[in-house]
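Peer 1: Sequence:
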Amino acid sequence: MLRKLHRLAELAAPEWLILFQLVPVALASRVALRFTTLPRLTNFIARCAGNAQLKRLPMFHRRYDAERLYALANLAARVTFGSGLCLGRSLLLLWMLKARDQPAELLVGVNKEDDVFHAHAWIETQGRVIGDRPEMTDQFAVLLRI
Numbered sequence: 056m057l058r059k060l061h062r063l064a065e066l067a068a069p070e071w072l073i074l075f076q077l078v079p080v081a082l083a084s085r086v087a088l089r090f091t092t093l094p095r096l097t098n099f100i101a102r103c104a105g106n107a108q109l110k111r112l113p114m115f116h117r118r119y120d121a122e123r124l125y126a127l128a129n130l131a132a133r134v135t136f137g138s139g140l141c142l143g144r145s146l147l148l149l150w151m152l153k154a155r156d157q158p159a160e161l162l163v164g165v166n167k168e169d170d171v172f173h174a175h176a177w178i179e180t181q182g183r184v185i186g187d188r189p190e191m192t193d194q195f196a197v198l199l200r201i
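First residue of the sequence shown? That's 56 in the working numbering, and the numbers climb one at a time after it.
Hints listed in this document are in silico derivations from the structure and should not be mistaken for laboratory results. Treat the hints with care, since some could be wrong.
Unchecked claim - Distance windows between CB atoms, simulated:
1) Ala126 <-> Glu190: 28 to 34 Å
2) Gln194 <-> Ala68: 33 to 39 Å
3) Gly105 <-> Ala126: 20 to 26 Å
4) Lys110 <-> Glu65: 25 to 31 Å
5) Ala107 <-> Pro189: 32 to 38 Å
6) Ala87 <-> Val171: 24 to 30 Å
7) Pro158 <-> Ala87: 21 to 27 Å
Note that CB positions come from ideal geometry on N, CA and C, so glycine has one too.
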C-alpha cells in the first residue's frame with residue numbers, strides 16, 4: 056500500500072490531470088460493457104478518438120510515450136475496474152493511442168490451466184505489445200482482435 060501511495064506521489068501535474076480524465080472514462084466504459092458488446096464499445100471509442108475536438112483528450116497525453124500512458128491507464132483501471140483490470144486498462148490505452156492516430160488493436164485471449172479458464176486483454180500497435188510482456192500474452196490464444 057505504501058509503495059502505491061509513493062508511486063502516486065511521484066506523478067507530475069500533467070500526469071495527475073491525465074489520470075483524473077481517465078477515471079470517468081473508465082467508469083463509463085465499465086457501465087457501457089453492461090449494455091453493449093466489446094466490439095461496439097471499441098468501435099465507439101475509435102470513432103470518438105478520431106473526432107477533431109476529442110483528439111485533444113485526455114489533455115497532455117501527447118507528452119508521454121505509450122509505456123507511460125499504459126502506467127496511467129493501469130492506475131485509472133485499478134480504481135474503477137477491480138477485477139477485469141486488463142480490459143479497462145486496454146480500453147483506456149486504445150482510446151489514447153487512437154487519439155494520436157496510432158494504429159492500435161485490442162486483443163482478448165484465453166488459456167486453460169488446471170481446468171480453469173483465464174482471459175486477458177492487451178493492446179498491440181504495429182505488432183508490438185504495449186505494457187504487457189510478450190511472453191505473458193503469448194500464453195493466451197487470441198479470440199478477439201479489434
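Peer 1: Is 28 to 34 Å a correct range for the gap between the Cβ atoms of Ala126 and Glu190?
Peer 2: violated, 19 Å
Peer 1: Looking only at beta-carbon atoms, does the pair Pro158, Ala87 fall within the given range of 21 to 27 Å?
Peer 2: holds, 23 Å
Peer 1: Quick check: does the Cβ-Cβ distance between Lys110 and Glu65 fall within 25 to 31 Å?
Peer 2: Since Lys110 and Glu65 have Cβ atoms about 28 Å apart, the given range 25 to 31 Å holds.
Peer 1: State, for the Cβ atoms of Ala107 and Pro189, whether the hinted interval 32 to 38 Å holds or is violated.
Peer 2: Since the Cβ atoms of Ala107 and Pro189 sit about 34 Å apart, the hinted range of 32 to 38 Å holds.
Peer 1: Note whether the CB distance of Gly105 and Ala126 lies within 20 to 26 Å or breaks it.
Peer 2: holds, 25 Å
Peer 1: Hint says 33 to 39 Å; check whether the CB-CB distance for Gln194 and Ala68 agrees.
Peer 2: Since the Cβ atoms of Gln194 and Ala68 sit about 38 Å apart, the hinted range of 33 to 39 Å holds.
Peer 1: So does Ala87 sit 24 to 30 Å from Val171, Cβ to Cβ?
Peer 2: Holds - the Cβ-Cβ distance for Ala87 and Val171, about 28 Å, lies within 24 to 30 Å.
Violation of the numbered hints given earlier is confined to hint 1; every other hint is satisfied by the structure.
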